[in-house]
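*Asks:* Chain order of the listed sequences is L and S. Every number in the numbering used here is 156 more than the matching position in the first sequence, counting from 1. Every number in the numbering used here is 7 more than the matching position in the second sequence, counting from 1.
These are calculated hints, taken from the structure and not from any lab test. These numbers come from a predicted model, not from an experiment. Ideal Cβ placement from N, Cα and C applies to all residues, glycine included. Mixed in with the good hints, there may be bad ones.
Only pairs whose alpha carbons sit at most 27 Å apart, straight line, appear in this in silico DSS-like list of lysine-lysine [what the hints assert, rightly or not]:
#	chain 1	residue 1	chain 2	residue 2
1	L	Lys395	L	Lys459
2	L	Lys530	L	Lys459
3	S	Lys163	S	Lys207
4	S	Lys189	L	Lys158
5	L	Lys459	L	Lys158
6	L	Lys158	L	Lys530
7	L	Lys158	L	Lys584
8	L	Lys459	S	Lys203
9	L	Lys459	S	Lys189
Simulated restraints, written as ranges between beta carbons of each label pair [what the hints assert, rightly or not]:
#	chain 1	residue 1	chain 2	residue 2	range
10	L	Val167	S	Lys237	24 to 34 Å
11	S	Ala162	L	Arg389	44 to 54 Å
12	L	Arg389	S	Glu193	33 to 43 Å
13	L	Arg302	S	Thr35	24 to 34 Å
14	L	Thr283	S	Leu112	53 to 63 Å
15	L	Glu225	S	Ser195	30 to 40 Å
16	S	Ala70	L	Glu286	17 to 27 Å
17	S	Ser155	L	Glu286	46 to 56 Å
18	S	Asp66	L	Glu225	31 to 41 Å
19	S	Gly29	L	Val228	28 to 38 Å
Some but not every residue of chain L turned toward chain S, in silico, with C-beta under 7 Å [stated by the list, open to error]:
#	residue
20	His218
21	Met219
22	Leu220
23	Phe222
24	Ala243
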Amino acid sequence: MKLSGWGRFPVVETQLCAPRDVAALQALVTGDEPVIARGNGRSYGDSAVGAHTTLDMRHFDHMLSFDAETGVLVAEAGVLLGDVIDAFLPRGWFPMVTPGTKFVTLGGAIAADVHGKNHHVDGSFGTCVEWIDLMGPDGQISRISREDDPDLFRHTLGGMGLTGVIVRTAIRLRPVETAWINQTTLPAPDLGAAMDLFEQHAHVPYSVAWIDCMSRGAHLGRSLVMLGDHAARADLDAKKARTPLDAGHKGAHTVPLDFPGFALNRWTVRAFNELYYRVGAWKPTKALVDWDTYFYPLDAVLKWNRIYGRRGFAQFQCVLPLDTARTGLTELLEAITEAGAGSFLAVLKRFGPQDSAFSFPMEGYTLALDFPMKPHTLDLLDQLDAVAVSHGGRFYLAKDSRMGAETLRESDSRAAEFEALREARGLKEHFASAQSERLSL
Amino acid sequence: MGQAIAHAFAAAGHPIQLAARGAAGLDTVQTDLALRHGVDVTLHEFDVLDSNGFGGFVDGLPALPGVAVSVVGYMGEQAENEQDQAQAALMMRTNFEGPAGILALLANRFEARGSGTLVGVSSVAGDRGRATNYVYGSAKAGFTAFLSGLRNRLAKKGVHVVTVLPGFVNTAMTEGLDLPEKLTAEPSEVGAAVVKAVQKGRNVIYVRRIWWLVMAIIRNIPEPVFKKLKL
Ligand SMILES: Cc1cc2nc3c(=O)[nH]c(=O)nc-3n(C[C@H](O)[C@H](O)[C@H](O)COP(=O)(O)OP(=O)(O)OC[C@H]3O[C@@H](n4cnc5c(N)ncnc54)[C@H](O)[C@@H]3O)c2cc1C
Ligand SMILES: NC(=O)c1ccc[n+]([C@@H]2O[C@H](COP(=O)([O-])OP(=O)(O)OC[C@H]3O[C@@H](n4cnc5c(N)ncnc54)[C@H](OP(=O)(O)O)[C@@H]3O)[C@@H](O)[C@H]2O)c1
Numbered sequence: 157m158k159l160s161g162w163g164r165f166p167v168v169e170t171q172l173c174a175p176r177d178v179a180a181l182q183a184l185v186t187g188d189e190p191v192i193a194r195g196n197g198r199s200y201g202d203s204a205v206g207a208h209t210t211l212d213m214r215h216f217d218h219m220l221s222f223d224a225e226t227g228v229l230v231a232e233a234g235v236l237l238g239d240v241i242d243a244f245l246p247r248g249w250f251p252m253v254t255p256g257t258k259f260v261t262l263g264g265a266i267a268a269d270v271h272g273k274n275h276h277v278d279g280s281f282g283t284c285v286e287w288i289d290l291m292g293p294d295g296q297i298s299r300i301s302r303e304d305d306p307d308l309f310r311h312t313l314g315g316m317g318l319t320g321v322i323v324r325t326a327i328r329l330r331p332v333e334t335a336w337i338n339q340t341t342l343p344a345p346d347l348g349a350a351m352d353l354f355e356q357h358a359h360v361p362y363s364v365a366w367i368d369c370m371s372r373g374a375h376l377g378r379s380l381v382m383l384g385d386h387a388a389r390a391d392l393d394a395k396k397a398r399t400p401l402d403a404g405h406k407g408a409h410t411v412p413l414d415f416p417g418f419a420l421n422r423w424t425v426r427a428f429n430e431l432y433y434r435v436g437a438w439k440p441t442k443a444l445v446d447w448d449t450y451f452y453p454l455d456a457v458l459k460w461n462r463i464y465g466r467r468g469f470a471q472f473q474c475v476l477p478l479d480t481a482r483t484g485l486t487e488l489l490e491a492i493t494e495a496g497a498g499s500f501l502a503v504l505k506r507f508g509p510q511d512s513a514f515s516f517p518m519e520g521y522t523l524a525l526d527f528p529m530k531p532h533t534l535d536l537l538d539q540l541d542a543v544a545v546s547h548g549g550r551f552y553l554a555k556d557s558r559m560g561a562e563t564l565r566e567s568d569s570r571a572a573e574f575e576a577l578r579e580a581r582g583l584k585e586h587f588a589s590a591q592s593e594r595l596s597l
Numbered sequence: 008m009g010q011a012i013a014h015a016f017a018a019a020g021h022p023i024q025l026a027a028r029g030a031a032g033l034d035t036v037q038t039d040l041a042l043r044h045g046v047d048v049t050l051h052e053f054d055v056l057d058s059n060g061f062g063g064f065v066d067g068l069p070a071l072p073g074v075a076v077s078v079v080g081y082m083g084e085q086a087e088n089e090q091d092q093a094q095a096a097l098m099m100r101t102n103f104e105g106p107a108g109i110l111a112l113l114a115n116r117f118e119a120r121g122s123g124t125l126v127g128v129s130s131v132a133g134d135r136g137r138a139t140n141y142v143y144g145s146a147k148a149g150f151t152a153f154l155s156g157l158r159n160r161l162a163k164k165g166v167h168v169v170t171v172l173p174g175f176v177n178t179a180m181t182e183g184l185d186l187p188e189k190l191t192a193e194p195s196e197v198g199a200a201v202v203k204a205v206q207k208g209r210n211v212i213y214v215r216r217i218w219w220l221v222m223a224i225i226r227n228i229p230e231p232v233f234k235k236l237k238l
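Excised from the complex, chain S in its bound form:
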């Protein structure tokens, strides 16, 4: 999903800074982006679990970006997340603590500059905890709330925050799962939706509209009923 978002921004003429673990392994992605879109692309080593390294990471960028997108996430297996505390903690740190930490740092830099857009890819799973993936969902819920608060804080400071709730997306994370076609977006759709949301200053987006309806229903099921459902 991250690469698709990078393509969408590059196609709109933005230079790209790709941050990832093992960034050197992204050299073909770097060349591809540069060749297709004729923009500068740089690679930067980044681990969202290494909060001590955040300052050095941001200082090491060729320029403070105009738009920063956090796509980091990790789903794991719910069964494992339930039983193994270390695994659950890794999940929460990867989906909430880490992304919130790096965006907080960038937010302060953007605020000082007086401009910029922060994009956080969270999840509809954070809209309501469900038995099948509430550990992941709760971390995303935290991240969603964090983004909402950040948006509120920076609204008058020239810095905008976009929350992306992608719904199902056909990526490595969901490979092998049997997802309903109408509810499942391709990564390229997410890319286009994110660029549009940034351009238009949207606050919270679902990639496929139908997810707004699905989640409105899910959020509104009374708890006594909800707790007995298999979702």
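For reference, chain L alone in the conformation it holds in the complex:
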């Protein structure tokens, strides 16, 4: 069948299988064709699309144990982060690290070593992973951790499913007092101001900025910097304090049809402007926000990827090291506004230090933005790649759908080592995605 990632580009012919138990999974992994695991398909490009066979892991969705003393949850890889929140937030626990959507599986979160708004203080998802049960090319499951086969463990975090199939994992959750977040929104008139705000607020657990990519010249990088922290019980009013761990459930709406391509740009820009000027008037604004609205604003619109229409879209996400970030980001934003490739929002985030084998984050600034697939989009993306590479940046494979193999190697010297590990352990013939073939990993 034809399969793609969240960006609906590229669309690849693959055989999709959904094993229901370990024996069925083993049979597929040890078969003749190379396989790749797929979680909930929230990576944008082709990382969860098999060049041959794709293993839908969502039947592996059982929670296996929870230790209320340590907050360690053992669960199968197909459990969604949203299910973890549903089950454990009422008992006072929240994921240590969460990406901008709760519809990711634990397997996907590990394989992409996802980051959240708290990367600068807590690191990436890997920091909360105690161990992983990984199925190797022979179909055997081994428990790997920082103590047992640390090399394979390190490469499985951020390994994009290319080191084996994650079957089970133990992750540590974070104790929280409430289901609410204290949010502060600060307007920044330009890029420099936004970066200064990140540095000033380095101690605040959550931070992220929305950049308005329409603004140019002196306003280049005009942003809203959003800070947040888990609210304590004392922060709640009497009504909320009665059920501090229950913020009520919001409904979700589904985007019914493919939108014409222009809809999203107008919509997001209008939303941004409205917020910016409202905030600007009262700067800074503080608000008590429920966890779902704070962490997952896009999840309120199910299947929002259809908003870009049938041709799909690509997401560009790079990270630039601290010393080149300011000039590099300026160049990237200039290239984007100049191309007039539409007008949309970008997300900017400060990463803290990270030591990892093949994960995306490193200390510096990461910029992420969507581009609807139009005739010149791929050229613009190549241009952005070049700017990022010349500033020592690298790219997020969970977002990539089109980068070339040379660009990967120019941007990330670790690729060679990753490939060598795949060779040495006989992983290359057994685990392959459309992405790994494109990037010749």
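Put chain S with the ligands on the given structure of chain L with help from the hints.
*Replies:* Only chain S with the ligands this time, still in chain L's reference frame:
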């Protein structure tokens, strides 16, 4: 589908008794239900073909349940069901005789208690026999009629009966079939629909509304036309 229904009830705070062949193999399902929803979950060995064992099975439950759901079913291959009598009999026993038998027993216990809800998962396939799956369909038709009669009998006895006609559902039974997306429900939708039907005392439910329309049309096609159709 059974597990999804169990999740929906557990999420609403109900303790769960899971009955199945090889129940011990459901230990991860048991732990998962208990962890997610914080309810008691027990496992019970049960074979719908073993009618002699029904009494012992019911007596062995920790408590007579408030709601009992029969999800047991088996579709087989129509071609095989046509040619192989033993296979056809297994199909009819699994979809009709067995589920009707266990619900009959529970109905009597519920009646004596004066409360409870019985849920039978039947199928739209029972609404009209079609060449492509009438053996299965006829067994489901029998089960649907049984549920209807049971509901009628118990209506004044404080016991309610819900008939569920799920339409297509994305489960192991339909794996590999090319089902139309708009007509195909996820198991979780069935779970939510069953809990709602029990809470609201509904009689017969289709999970996706559209199935009511589809079946109304299919039931109303005149037989001279219907018999020539390929459905
Ligand atoms: C709205 C939105 C916001 C996002 N925000 C962020 C963000 O803030 N930060 C961030 O880091 N990411 C973000 N992402 C990206 C997303 O978190 C990652 O792509 C994540 O990996 C998706 O998880 P998934 O379960 O859908 O995995 P998939 O997309 O299905 O797979 C992703 C990768 O994981 C591998 N994989 C999945 N399951 C297994 C398994 N069981 N065993 C081995 N490998 C496996 C796949 O092979 C693939 O390489 C966002 C995505 C969306 C759509
Ligand atoms: N999927 C659909 O599109 C669809 C549509 C309409 C109606 N239905 C009906 O919905 C119900 C659930 O089906 P499903 O889709 O969830 O398929 P399923 O996974 O195959 O479920 C059928 C269940 O019946 C059990 N069963 C079979 N024979 C049994 C026996 N002798 N004793 C005890 N249990 C037995 C099976 O248990 P084992 O695991 O031990 O085999 C299995 O759990 C069935 O009644 C089916 O006919 C399904």
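*Asks:* Is the hinted range of 44 to 54 Å satisfied by the C-beta distance from S/Ala162 to L/Arg389?
*Replies:* holds (50 Å)
*Asks:* Given the range 46 to 56 Å, decide if the beta-carbon distance of S/Ser155 to L/Glu286 lies inside it.
*Replies:* holds (53 Å)
*Asks:* Quickly compare the C-alpha distance for L/Lys395 and L/Lys459 to 27 Å and report which way the hint goes.
*Replies:* Distance ~34 Å between L/Lys395 and L/Lys459 Cα, so the pair is violated.
*Asks:* With 24 to 34 Å as the target window, see if L/Val167 and S/Lys237 comply at their CB atoms.
*Replies:* With a Cβ separation near 32 Å, L/Val167 and S/Lys237 satisfy 24 to 34 Å, so the hint holds.
*Asks:* 28 to 38 Å was suggested as the range; check whether the CB atoms of S/Gly29 and L/Val228 agree with it.
*Replies:* holds (30 Å)
*Asks:* For the hint 53 to 63 Å, verify it against the beta carbon of L/Thr283 and that of S/Leu112.
*Replies:* Because 54 Å falls inside the window, the suggested range holds.
*Asks:* Against chain S, is L/Ala243 within 7 Å by beta-carbon distance?
*Replies:* holds (4 Å)
*Asks:* Is L/Lys158 close enough to L/Lys584, meaning Cα to Cα at most 27 Å?
*Replies:* Status holds; Cα separation ~23 Å.
*Asks:* Next pair to validate is S/Lys189 with L/Lys158; report whether the Cα-Cα distance is within 27 Å.
*Replies:* With Cα atoms ~19 Å apart, S/Lys189 and L/Lys158 stay inside 27 Å; holds.
*Asks:* Does L/His218 pass the interface hint, meaning its C-beta sits closer than 7 Å to a C-beta of chain S?
*Replies:* Check passed: Cβ of L/His218 comes within 4 Å of chain S, closer than 7 Å.
*Asks:* For the pair supplied as a hint, L/Lys459 and S/Lys189, confirm whether the alpha-carbon distance does not exceed 27 Å.
*Replies:* Roughly 15 Å separates the two Cα atoms, so the pair holds.
*Asks:* Quick check on a hinted range of 33 to 43 Å for L/Arg389 and S/Glu193, using CB atoms only.
*Replies:* Holds, at about 37 Å.
When the structure is compared with the earlier hints, violations turn up for hints 1, 16 and for no others.
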